[in-house]
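Student: Keeping their order, the protein sequence lines are chains A and B. In terms of the numbering used here, the first sequence has 86 at position 86, counting the first letter as 1, and numbering is strictly consecutive. In terms of the numbering used here, the second sequence has 53 at position 53, counting the first letter as 1, and numbering is strictly consecutive.
One or more hints might be untrue.
[Stated by the list, open to error] As a list, the in silico PhoX-like pairs of lysine-lysine whose alpha-carbon atoms are at most 20 Å apart:
(1) B:K115 / B:K46
(2) B:K46 / A:K115
(3) B:K3 / B:K37
(4) A:K46 / B:K115
(5) B:K3 / A:K115
(6) A:K3 / B:K115
[What the hints assert, rightly or not] Pulled a few chain B residues facing chain A out of the computed Cβ check, cut under 7 Å:
(7) K53
(8) P70
(9) P113
Because the hints were derived from the structure by calculation, they are not lab data. In this text, all values refer to a predicted model and were calculated from it rather than measured experimentally. We put the CB at the ideal spot given by N, CA and C, even for glycine.
Number of protein chains: 2
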Amino acid sequence: MPKFEKHIFICTNQRPQENPRGSCNPNGSGELHQLFKSSLAKRGVKATVRANKAGCLDQCEHGPTVVVYPEAVWYGRVSASDVDDIIEQHIIGSQPVERLRIADSCLNSESCPHKPPR
Amino acid sequence: MPKFEKHIFICTNQRPQENPRGSCNPNGSGELHQLFKSSLAKRGVKATVRANKAGCLDQCEHGPTVVVYPEAVWYGRVSASDVDDIIEQHIIGSQPVERLRIADSCLNSESCPHKPPR
Numbered sequence: 001m002p003k004f005e006k007h008i009f010i011c012t013n014q015r016p017q018e019n020p021r022g023s024c025n026p027n028g029s030g031e032l033h034q035l036f037k038s039s040l041a042k043r044g045v046k047a048t049v050r051a052n053k054a055g056c057l058d059q060c061e062h063g064p065t066v067v068v069y070p071e072a073v074w075y076g077r078v079s080a081s082d083v084d085d086i087i088e089q090h091i092i093g094s095q096p097v098e099r100l101r102i103a104d105s106c107l108n109s110e111s112c113p114h115k116p117p118r
Numbered sequence: 001m002p003k004f005e006k007h008i009f010i011c012t013n014q015r016p017q018e019n020p021r022g023s024c025n026p027n028g029s030g031e032l033h034q035l036f037k038s039s040l041a042k043r044g045v046k047a048t049v050r051a052n053k054a055g056c057l058d059q060c061e062h063g064p065t066v067v068v069y070p071e072a073v074w075y076g077r078v079s080a081s082d083v084d085d086i087i088e089q090h091i092i093g094s095q096p097v098e099r100l101r102i103a104d105s106c107l108n109s110e111s112c113p114h115k116p117p118r
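Let the sequences and hints guide you as you build the complete structure.
Tutor: Structure below.
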């Protein structure tokens with residue numbers, strides 16, 4: 001098993017509450033990252049799939065954000081109650097969770113309608 | 001440009017000096033991440049390539065470690081003087097820098113000869 005079959009990056013960036021771009025980890029607890037880790041461990045796939053802390057993934061308007069590589073599937077507005085769905089459907093079942101995906105038209109886009117005005 | 005063409009994750013994990021697994025960011029400065037960022041900015045590719053802070057990537061024996069997705073190319077023992085080579089040869093030129101790659105036989109391997117004895 002030379003590489004991770006899937007590598008999940010969970011944004012744990014914390015910003016002040018008043019920042020207009022929001023914060024993926026508002027209370028600094030890293031809870032989402034911990035939930036991904038424990039969900040993988042529970043299913044016995046920790047050796048082949050890694051849940052990794054990441055700094056700002058720069059899709060803040062859609063946070064909390066998560067990206068899964070190598071397939072580059074992006075998720076937004078991920079909450080604690082979504083973790084098991086992502087693990088079961090996507091990581092184990094290879095079917096991305098469509099309801100959580102960030103639209104391609106929003107990714108890295110200056111014209112994303114969710115971005116706050118400058 | 002819906003997704004990053006390349007997404008570079010630089011381990012910024014800091015451990016105490018005496019930890020046998022070592023530390024990818026021993027003085028906590030995050031210098032390597034900053035160098036990747038500025039090297040991308042200098043070449044005008046910041047919009048399509050992201051240099052991202054990452055928590056522990058779990059290849060600590062080869063640190064400082066960096067992984068480039070979506071191609072899942074892993075680099076080890078990356079120093080400040082290697083950053084421009086990775087950007088020029090791999091990110092711009094699409095040729096991974098072979099001298100820095102972590103061997104597949106070492107990645108996620110319990111039998112990696114570089115791991116300290118338990």
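Student: Does each hint hold? Answer for all of them.
Tutor: Verification of the supplied hints:
1. B:K115 / B:K46: violated (35 Å)
2. B:K46 / A:K115: Holds, at roughly 19 Å.
3. B:K3 / B:K37: Between K3 (chain B) and K37 (chain B) the Cα gap is close to 18 Å, so the pair holds against 20 Å.
4. A:K46 / B:K115: holds (19 Å)
5. B:K3 / A:K115: Given that 20 Å is the threshold and the Cα spacing comes to 17 Å, the pair holds.
6. A:K3 / B:K115: holds (17 Å)
7. K53: Since the shortest Cβ distance to chain A is 3 Å, the answer is holds.
8. P70: holds (5 Å)
9. P113: Not OK, violated: P113 (chain B) not within 7 Å of chain A, min 15 Å.
Against the hints set out earlier in the document, violations occur for numbers 1 and 9.
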